[in-house]
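S.K.: Chains A, B, C and D, in that order, give the protein sequences. Heads up: the first sequence at position 191 corresponds to 178 in the numbering used here, and the numbers run straight through without jumps. Heads up: the second sequence at position 272 corresponds to 259 in the numbering used here, and the numbers run straight through without jumps. Heads up: the third sequence at position 77 corresponds to 64 in the numbering used here, and the numbers run straight through without jumps. Heads up: the fourth sequence at position 276 corresponds to 263 in the numbering used here, and the numbers run straight through without jumps.
What the hints contain is simulated information worked out from the structure, not anything from laboratory work. Possibly wrong hints are sitting among the right ones.
It does not matter which identical chain is used: a pair holds within one copy or between any two.
Said to hold, decoys possible - No farther apart than 20 angstroms at their CA atoms in a straight line, the calculated lysine to any residue pairs in the SDA-like style are these: (1) 70 / 208; (2) 75 / 126; (3) 261 / 32; (4) 235 / 77; (5) 241 / 266; (6) 245 / 172; (7) 126 / 56; (8) 40 / 265; (9) 76 / 103; (10) 290 / 155; (11) 48 / 74; (12) 15 / 325; (13) 111 / 153; (14) 29 / 324; (15) 33 / 14; (16) 15 / 328; (17) 15 / 49; (18) 48 / 149.
Protein chains: 4
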Amino acid sequence: MDRVQVSIAGASGYVGGELLRLLLFHPKVEVLQVTSQSLAGKFVFKTHPNLRKRTQLQFSKLADLRPCDVLFLSLPHGESMEKMRGFKKIAPRIIDLSADFRLNRETDYEEWYRKPHACPEMLKEFVYGIPELHRQEMKHANFISSAGCNATVTILGVYPFFKQGLVEADRTVVEVKVGSSEGGNSPSPASHHPERSGAVRSFMPAGHRHGAEILQELSFGDPIRIHFSVTSIEMVRGALATSHLFLKENLEEKDIWKVYRQAYNNEPFIRIVKDNEGIYRYPEPKLLTGTNYCDIGFTKDEKSNRLVVISAIDNLMKGAAGQAVQAFNIMHGYEEGEGLEFPGLHPV
Amino acid sequence: MDRVQVSIAGASGYVGGELLRLLLFHPKVEVLQVTSQSLAGKFVFKTHPNLRKRTQLQFSKLADLRPCDVLFLSLPHGESMEKMRGFKKIAPRIIDLSADFRLNRETDYEEWYRKPHACPEMLKEFVYGIPELHRQEMKHANFISSAGCNATVTILGVYPFFKQGLVEADRTVVEVKVGSSEGGNSPSPASHHPERSGAVRSFMPAGHRHGAEILQELSFGDPIRIHFSVTSIEMVRGALATSHLFLKENLEEKDIWKVYRQAYNNEPFIRIVKDNEGIYRYPEPKLLTGTNYCDIGFTKDEKSNRLVVISAIDNLMKGAAGQAVQAFNIMHGYEEGEGLEFPGLHPV
Amino acid sequence: MDRVQVSIAGASGYVGGELLRLLLFHPKVEVLQVTSQSLAGKFVFKTHPNLRKRTQLQFSKLADLRPCDVLFLSLPHGESMEKMRGFKKIAPRIIDLSADFRLNRETDYEEWYRKPHACPEMLKEFVYGIPELHRQEMKHANFISSAGCNATVTILGVYPFFKQGLVEADRTVVEVKVGSSEGGNSPSPASHHPERSGAVRSFMPAGHRHGAEILQELSFGDPIRIHFSVTSIEMVRGALATSHLFLKENLEEKDIWKVYRQAYNNEPFIRIVKDNEGIYRYPEPKLLTGTNYCDIGFTKDEKSNRLVVISAIDNLMKGAAGQAVQAFNIMHGYEEGEGLEFPGLHPV
Amino acid sequence: MDRVQVSIAGASGYVGGELLRLLLFHPKVEVLQVTSQSLAGKFVFKTHPNLRKRTQLQFSKLADLRPCDVLFLSLPHGESMEKMRGFKKIAPRIIDLSADFRLNRETDYEEWYRKPHACPEMLKEFVYGIPELHRQEMKHANFISSAGCNATVTILGVYPFFKQGLVEADRTVVEVKVGSSEGGNSPSPASHHPERSGAVRSFMPAGHRHGAEILQELSFGDPIRIHFSVTSIEMVRGALATSHLFLKENLEEKDIWKVYRQAYNNEPFIRIVKDNEGIYRYPEPKLLTGTNYCDIGFTKDEKSNRLVVISAIDNLMKGAAGQAVQAFNIMHGYEEGEGLEFPGLHPV
């Protein structure tokens, strides 16, 4: 069988590098080109040192992209929408890892990103890239917009309760703890090691843009509200969301298990993690480093109607490159876990 | 002037060691004895290596405690209440750093600590040890019960809003991020470095006992509810609380500043930290290592009535030993910051 | 083709867990049994949480081991030699990951391990488990003794210079920086997170037992001396050796390259890492996490005859489980990298 | 008594900030001005956030420096020598924390710093700033050049053995492990948190400029050679040197103790740390954070004439600002520990 020929536009960053790693070892894929304007002509292993001795690929210029079967976009936010009309001429299928096509409504971009969308006619053609929510649409899609990392970890944890209408509409509070790789690969005073090391930085106590995606995906008719905060902690990879839901009616622990089983029992990349003993009673992001899992745990507050949901991912994997490859697999009818077998390490 | 003669019962742990460090360098204090049952006869600097070449003190047995002016108790929870009647014969003034006398009501111990209190008649004699709330009582108190670390960081952050009745009664969600020193100095599989390192561990998503203190101190008549969770992160010292309050009426940023200024303007150990630029826009626990500060910041969610309060402390200082010394100073009419001058380090 | 049936005696520790992870996903292997005396009957994923949803295997008792093709031993040091005669009845091929059969001479055990060897007649049957040194013997071996992690990283870095007799005999100084996983999975005061976190602990400034293996493998006739120290640093996985060699005759950089190329050019798991620009100019252990690589770099001191060699591995992989699988592959005539494809992550 | 009026030229960096912290709380000092060209007019606590609520000082321009008693220079290397003639007009006493006046010989600057010295006539007027070596000269000095951090930690550890001629001349190997604060406060790709976090980076395997100072201070007649390497590890503050000395004649442990006692017994900031039990058997830099101590330990290799010396400091304190204040105290006849009382924290 011929391999699917893919290219990556914007492969010098952390998400692009992770995507390249996955695609290079994907048995159904041939990587044709990867672009970087500033690094064109240089070996990719100089930028992604884990690929040393694994590939002799060099970066190309964006303008030199040749036609391919699938084009992955891992460009800075705002760039995909500017160039989408051109990209469509290069590849019949596009998976965009930026935020540019995540929101369905043009007005949402104006509200959350504070500028008009450059390619609004394409918004409806893109499927939002969380397979657990949109698998059926993905099977026939040509355009997929990969979900935000903080949105992914939040949505997957709480989705079944919103879908079934079990949650009080305006009370959910979500706090995501994130690592430094979320900020990308550009150094800044805030990312300078002596300052960032050991920090517990209230990065976005309110107003984080991923809130828009979360609202979009968790709304089923009635208006809802998600009170969303992001705190940066000492970690490179990983995101853990602690979501405080308030249940309309009392649910016992076995009912909650049932909700999750019903929603996720056949999901290859969702694991419910809830133990009464041992060290790892709830999801732990460090165990997910390099994997495509979203682990989900929960506890019901005995003294109130609060359900605390704990969900964890590797932000560069299930929160970006891994989920994009999962979507790619669905799109092509492959095994969903193809190229995503790595189980993670312990200890780590 | 004669120095106040103090002893510490239970000085082998992290809180006891920190207390000893502060008291050894306190200009108004002479440390008489420090106890440890298992280490009696050994030099304290073997256990607290930062005190090497600073003191030749050795541990004593509890039974060998001699009369002193002030007895600090840093024993395991449950032991102070068992032995309180005896301790009262040794010292006219007692500052207890355990949880044993924090709650005013005997029934609260049964509900939250699941066993009957061994010395209930003393509960009302103890002042709850947060100076910002109980300074006047402390001035005349002989018995002070130091507050829990997670309770302290939470209460100080949100107190003015509860006191003024500005907050919806049952909606507050608090998530505290804590370091590994909170767990004390006993090794366990959970504290084993390869497992604990880099962890984001949902230590107590619900049911944390400090919730009892918080409710006690924030209730002003009407019943309230605090939805409280604790997550352990990669950090040794430090605690940061992210508190999500829902305001009854809209307050603008300047109103919020006013609430804080009114409450805390003369407080020597409270700083309001809220900047629009720079790296340290909100409180950062690592900057507080070794200090007695509680730094407080906030942001008002533009899209809702949510007020996010961020408060940070060093759990062994303002959350334990430092606050105990602050209370000691108030009790004796000393400058409140005596022995607590260390400003913290940067970078760190 | 039938898969090779393997079992692991002693699979509850970190090395055993890593070995299990590799063997479970090895395309030529079927894992029959894994043992743990204390955990018999329990699911392995409870102990190795990265294997959750990847295997339903449970621990067996050692006494319940059934015959298999290859038996891996990952028991505490001293146990393999006691039980070796029994293990030989279970499996025709044995790969021992303990130190029990690394040294060729019985007297070396008495000198370095301070007790008589319990099974000296087998010492000569075991091949020392570094493929880059003993590949030919491995091809026909039934017994392989996996090398120590600190020995592996040191030997691989300097081997070509010792083999060619380029180094002054008694001057080499080696300092290895190691992570906390080297100490195994048993908690202790020394591994307690508040103490171990951020430590730079002079664990073994002299007298480390891996010195014996290093001497054995680097001696080619004339007596040599290796001055060996180990320092524990903030890291879970990984080991980096800085070796200071003193060259008998001056070598220029290109000569040194030549020595390495000649020795390692066809080695699948050795990479020479030496760049004049960029962040990763020399080997970096964090990039090797989960991989079987040994990365080697060097610099020649302009002011003296010192050659500084920097070599890095993942101590649980190339330093233990990965190298054992590499040896297993050689033993069976498989591709050497079978089951060892993971390239490592960046950033991490 | 009037306080000594001091200013700091170049107070925006990490060393300058640490110096300011110490001087602000020094009982004999009044801080007059602190300069920063880029931050002139801004509050210093915006840059050094640990000083929030402790000082209302603002940065001045270098050109606005007024006369003072002592001028501290914490400028980028190369700037002090350019401007020294001007600084002498402002202050009769100068303590320079840069490298510009550390070496006694003009030719050494050309060899190690690769450019001619701009103010060679002043080189002989500066006393090299390690009090343990140059206390007597400091008492009468007007110009002190603070020692490099890596040089300080190395020299203090091994000095007594070189002074007494106990060491083989050309064999000493020193490896210093350092934290990220040594690199200063300017962000770069190499200091970007996702890259620098958890790194074991062979920063300077050979050729580090501090080698020049070390040679200068350890040479007593016969030529010596120090084989010096620096490795950056996961740490913000702190430096630990592992020095491998080769003794001319065999010394037993008690002889080595005697050498150290004789050299350092009255030193307020040197502690010999060598225990046979416990966690902290050798010096540990994290315990020294914020202190002016240099802790020194050692072990004698039983199998050779190697003496391994382990020495640790806080690079910003004993390695820079703290040592400068210690020198300042000596210069003025104050208690040497004035303003340097902080004992460090545990746990941390």
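S.K.: Is the C-alpha distance from residue 40 to residue 265 at most 20 angstroms within one copy, between copies, in both cases, or in neither?
M.R.: This pair counts as between: shortest inter-copy Cα distance 17 angstroms, intra-copy 40 angstroms.
S.K.: Could you place residue 245 and residue 172 in one of the four classes (within, between, both, neither) given a Cα distance threshold of 20 angstroms?
M.R.: neither (41 angstroms within a copy, 35 angstroms between copies)
S.K.: Is it within a copy, between copies, both, or neither that the alpha carbon of residue 48 lies no farther than 20 angstroms from that of residue 149?
M.R.: neither (44 angstroms within a copy, 46 angstroms between copies)
S.K.: Are the CA atoms of residue 15 and residue 325 at most 20 angstroms apart within a copy, between copies, both, or neither?
M.R.: Classified as both; 8 angstroms inside a copy, 19 angstroms across copies.
S.K.: Check residue 290 against residue 155 for me: Cα-Cα at most 20 angstroms, and say if that holds within a copy, between copies, both or neither.
M.R.: For residue 290 and residue 155, the Cα distance is within 20 angstroms both inside one copy (17 angstroms) and across copies (18 angstroms).
S.K.: Is the C-alpha distance from residue 48 to residue 74 at most 20 angstroms within one copy, between copies, in both cases, or in neither?
M.R.: This pair counts as within: shortest intra-copy Cα distance 14 angstroms, inter-copy 52 angstroms.
S.K.: How do residue 70 and residue 208 come out at 20 angstroms by Cα distance, when the copy is not named: within, between, both, or neither?
M.R.: neither (34 angstroms within a copy, 61 angstroms between copies)
S.K.: How would you classify residue 33 and residue 14 at a CA-CA limit of 20 angstroms: within, between, both, or neither?
M.R.: neither (24 angstroms within a copy, 31 angstroms between copies)
S.K.: Classify it for me, residue 15 with residue 328: is the Cα-Cα distance of at most 20 angstroms met within a copy, between copies, both or neither?
M.R.: Both, since 14 angstroms and 16 angstroms are each at most 20 angstroms.
S.K.: Cα distance capped at 20 angstroms. Does residue 111 pair with residue 153 within a copy, between copies, both, or neither?
M.R.: neither (29 angstroms within a copy, 43 angstroms between copies)
S.K.: One pair to classify: residue 29 and residue 324, alpha carbons no more than 20 angstroms apart. Within, between, both, or neither?
M.R.: neither (31 angstroms within a copy, 27 angstroms between copies)
S.K.: Could you place residue 235 and residue 77 in one of the four classes (within, between, both, neither) given a Cα distance threshold of 20 angstroms?
M.R.: Answer is neither; intra-copy 50 angstroms and inter-copy 55 angstroms both fail.
Comparing the model with each numbered hint stated earlier shows that hints 1, 4, 5, 6, 9, 13, 14, 15, 17, 18 do not hold.
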